[in-house]
Amino acid sequence: MKQESTFNRKKGHGFYFENKNYKDILTSRVFILFLINGLIFLFLSIFRPDAFLDWKNLKAVFSLMTYDMLLAAGMTLILILGGIDLSVGSVLALTSVIIALSIKSKLPVSLSLLLGLIVAISFGVLNGLLILKGKIAPFIATLGTMSIARGIAVMLTLGQFVTITDANKAFIDFGRFEIIVAKVGKNIISIPIILILTLVILIILGMLLKTWKPLNQAFFAGANIDAARLSGMRVFSINMAGYIISALFCYIAAVFMTANNRMGFANVGSGYEMKAIAAAVVGGASMLGGEGSLMGTFLGVLMLAFIANGFILMGGSSNWQQASIGIILILAVTIDAITNKGKRKE
Amino acid sequence: MVNDILRVVDIDKSFDENNVLKKINFSVERGEIHALIGENGAGKTTLMRIIGGIIPVDNGELYLNGEKVVFHNPIQAMHAGISIVHQELSLSPNLSVAQNIYLRREITNSFGFIKHNEMRNEAKKVFDKIGINIDPDRMVGQLSVGMRQIVEIAKAIALGPQIMIMDEPTSSLSENETRMLFELIRGLVKSGISIVYISHKISEIFDISDRISVLRDGHLIYTKKTSETNSNEVIQNMVGREITNLYPEKSSIVGETVLECKNLGRFGFFNNVSFILKKGEMLGFYGLVGSGRTEVAKALIGSDKLTSGEIFLTGKKVRFKTPRDAIKNGVCYLTEDRKVLGLFTTFSICKNLISANLDKFITKMGFLKNKVIKEESLALSEQMTIFSTNNELKVINLSGGNQQKVLLAKWICPNPKVLIVDEPTRGVDVGAKALIHNKLRELTNQGMAIIMITSELPECIGLSDRIAVFKDGQITAVLENSKVELKQNEVIRHAIK
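Residue numbers (the working numbering), protein chains in the order written: chain A, 2 to 347; chain B, 400 to 896.
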């Protein structure tokens with residue numbers, strides 16, 4: 002036994018630094034998602050080359066993804082921690098409403114943004130406290146705060162749009178500012194600044210999650226909270242940070258959205274929590290905690306966006322979008338369960 | 400051959416390229432207790448799962464009462480009279496005992512409504528039959544682990560089996576409960592049931608079995624009447640080499656006091672617990688299950704609250720608020736429940752090994768040093784001879800023995816002054832057990848102070864320099880064990896009345 006093990010160790014050692022062989026890569030989540038996204042892209046390019054490949058269309062697809070990506074990124078962290086945050090869409094709406102109302106009542110933009118930040122973070126802290134100190138199941142706690150946030154937003158605005166077209170120019174221009182990258186024929190290829198910022202934020206968070214200890218511990222805390230605590234990790238702080246970061250991402254999305262739409266509206270973002278969860282789970286986050294990656298989540302969001310766009314371009318009813326998200330979510334989880342069953346023999 | 404109730408002929412089984420069983424021939428006689436023994440990964444569980452119809456065979460045949468049978472699922476095997484008592488308890492804590500016994504085959508009337516009364520009475524009959532008094536209405540969650548194991552057996556008996564397969568039924572039982580279980584097994588055999596008994600505990604097997612079969616690396620090495628063999632022969636065949644000295648030598652270099660505890664108490668769990676621990680010493684905590692040993696350890700490291708008492712670490716008064724505090728101060732606790740409290744089972748070996756000591760592997764900015772992590776974890780797993788092709792393997796795919804080695808290595812990594820190990824060899828095969836024992840002794844020889852909580856008396860006596868005996872949340876005696884080894888009854892005496 003002893004000899005055998007050292008023999009095997011040596012064999013394994015050679016592969017150590019590239020321990021993933023081609024089979025692992027081909028069956029990895031990120032690779033499959035790349036493939037699926039590629040196929041959808043190819044499909045739409047072939048059948049609707051004029052409409053789909055038009056930069057205006059692609060830009061619209063990517064721009065709409067901005068908010069989804071931010072919420073899904075926060076959701077990924079929460080799912081890794083073994084929790085769930087249903088309040089993201091509502092917190093987004095409330096924060097947006099608060100910012101818009103403050104600006105409308107002639108508060109300086111900076112102060113309005115600060116106010117929005119305080120509100121968003123408060124909801125993150127509230128979620129964290131209810132779940133960690135109150136021991137309420139994350140699903141129930143955030144279902145409650147979801148209602149509360151939405152309710153306050155509706156109450157503050159009486160369900161009306163809060164337009165801020167006359168606000169500080171820098172702020173509302175920022176929301177629609179685009180960087181021109183290239184000119185291809187008639188097409189001007191330009192990218193919205195909020196999309197670029199979102200991608201930068203995502204990349205930073207993704208890298209930190211993998212390599213930075215304070216965030217990386219989320220995986221341990223999510224996989225087995227008791228073992229993590231006994232291993233000397235601050236599981237309370239780690240979880241709390243997760244809910245606050247999720248709220249922070251709602252805030253960033255709200256700032257972008259308010260600036261881009263030039264208004265606040267209490268009913269935006271409903272159903273966003275569903276999209277965020279779907280994208281994260283499709284991207285490989287486990288509802289049991291301890292698993293997930295931002296790259297996967299990004300590809301999940303992209304896939305949902307392509308499919309939604311495809312529905313419209315192929316002349317399908319846009320009403321099917323919602324149903325398609327549900328179908329994809331269930332498919333992803335089912336495929337996952339089947340493949341995992343095969344892996345766990347003993 | 401007529402007397403064989405079950406005969407297994409030339410069975411082969413492979414998972415992927417891994418040949419787990421090779422041409423196994425095995426038989427069970429009517430009314431015998433046939434012990435099956437082998438190291439983790441030898442193929443015991445796989446063989447039993449084949450007999451129980453849980454997984455299909457690649458080659459070979461199964462004969463039941465002389466007739467050839469093929470099982471496609473566990474239900475068929477169950478109907479044929481084969482029932483398995485599982486190693487991992489599979490009861491639902493929120494259902495009553497009766498409901499658990501008749502889970503998924505509830506007694507119903509013609510409208511499909513459950514007849515609770517009848518189920519209760521039937522359950523009662525089963526308990527009467529085995530002569531144990533458990534209220535069928537009790538919630539399983541309220542029962543002790545031992546009682547749950549008995550409910551598990553009752554569940555199997557209620558099926559009216561010819562053969563019962565018991566997979567390590569005593570791994571979480573105290574000695575009293577084990578004795579009770581053995582009486583129950585003997586009673587079952589008298590009523591004509593045959594039993595296949597899988598265990599790691601050699602002494603137990605000689606206590607209970609009629610015949611012994613040894614599996615090693617997928618081969619059935621030999622089958623002998625229990626009366627015609629002895630434990631040395633069995634162990635030798637099991638590991639394929641001779642294990643001469645079962646336990647390493649006692650410590651020679653006991654130094655100054657590292658840890659001193661005075662009158663530790665936690666209301667409702669333990670009180671007045673005082674002991675000292677010296678450098679390079681192995682202090683055994685012996686006692687029955689539930690005597691408060693684990694509770695003391697958990698309160699000591701700040702996982703649970705202490706209500707009274709003082710702790711001195713190298714002369715300084717300390718009180719750990721969290722396990723984090725304890726680890727920072729060099730006091731580590733290896734849990735008895737490796738799957739639930741110890742390991743991150745869905746993570747790689749490498750991540751598990753460093754999980755208690757992440758701070759050692761980060762830059763000033765808090766970024767993980769992946770290269771150092773890989774090197775260090777490789778060194779650790781090499782040290783522990785963790786059997787795997789690489790450190791990226793998920794811990795869940797390792798055998799129990801290897802999982803335990805990972806857990807021990809995880810706590811060696813922070814290099815603590817005081818290491819508390821709780822049942823360090825539970826559910827572990829002989830080879831891994833010897834390795835863990837030697838490793839623990841090696842650590843004390845390097846100056847670490849170790850507290851070993853164990854319910855296995857031979858292990859406790861064989862390894863400890865001193866033994867603190869627990870009873871009902873108190874230390875009843877601290878016995879010197881380094882020069883002359885204590886007799887078992889000298890220790891037990893203090894643990895029971």
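Incorrect hints may appear among the rest.
Dumping the calculated DSBU-like pairs for lysine-lysine here, alpha-carbon to alpha-carbon at most 30 Å [what the hints assert, rightly or not]:
1. K678/B <-> K134/A
2. K211/A <-> K704/B
3. K704/B <-> K134/A
4. K514/B <-> K678/B
Cβ-Cβ distance ranges computed for the label pairs, FRET-style [stated by the list, open to error]:
5. D55/A <-> K727/B: 19 to 29 Å
6. D227/A <-> H471/B: 55 to 65 Å
7. E521/B <-> M156/A: 41 to 51 Å
8. S325/A <-> G459/B: 48 to 58 Å
9. N796/B <-> D227/A: 58 to 68 Å
10. H471/B <-> S325/A: 32 to 42 Å
11. D55/A <-> P492/B: 55 to 65 Å
12. I119/A <-> P492/B: 17 to 27 Å
13. N844/B <-> D227/A: 30 to 40 Å
14. K60/A <-> H471/B: 53 to 63 Å
In short, the hints are calculated from the structure, not lab data. Cβ coordinates follow ideal geometry from the N, Cα and C atoms, glycine included.
Checked hints:
1. K678/B <-> K134/A: Violated. K678/B to K134/A sits at ~40 Å, over the 30 Å cutoff.
2. K211/A <-> K704/B: violated, 34 Å
3. K704/B <-> K134/A: The hint holds at about 17 Å.
4. K514/B <-> K678/B: Roughly 63 Å between the alpha carbons, so the hint for K514/B and K678/B is violated.
5. D55/A <-> K727/B: 19 to 29 Å: Between D55/A and K727/B, where Cβ atoms are some 60 Å apart, the hint is violated.
6. D227/A <-> H471/B: 55 to 65 Å: violated, 39 Å
7. E521/B <-> M156/A: 41 to 51 Å: About 59 Å separates the Cβ atoms of E521/B and M156/A, which means 41 to 51 Å is violated.
8. S325/A <-> G459/B: 48 to 58 Å: Given a distance of about 49 Å, which is inside 48 to 58 Å, the answer is holds.
9. N796/B <-> D227/A: 58 to 68 Å: With a Cβ separation near 21 Å, N796/B and D227/A fall outside 58 to 68 Å, so the hint is violated.
10. H471/B <-> S325/A: 32 to 42 Å: Holds, since H471/B and S325/A (Cβ atoms, about 38 Å apart) stay within the stated range.
11. D55/A <-> P492/B: 55 to 65 Å: With Cβ atoms ~60 Å apart, the hint holds.
12. I119/A <-> P492/B: 17 to 27 Å: At 44 Å between Cβs, range violated.
13. N844/B <-> D227/A: 30 to 40 Å: For N844/B and D227/A the Cβ distance comes to about 32 Å; the hint holds.
14. K60/A <-> H471/B: 53 to 63 Å: Hint holds: Cβ distance 57 Å, inside 53 to 63 Å.
Figure legend: structure checked against the earlier numbered hints; hints not met, in rising order: 1, 2, 4, 5, 6, 7, 9, 12.
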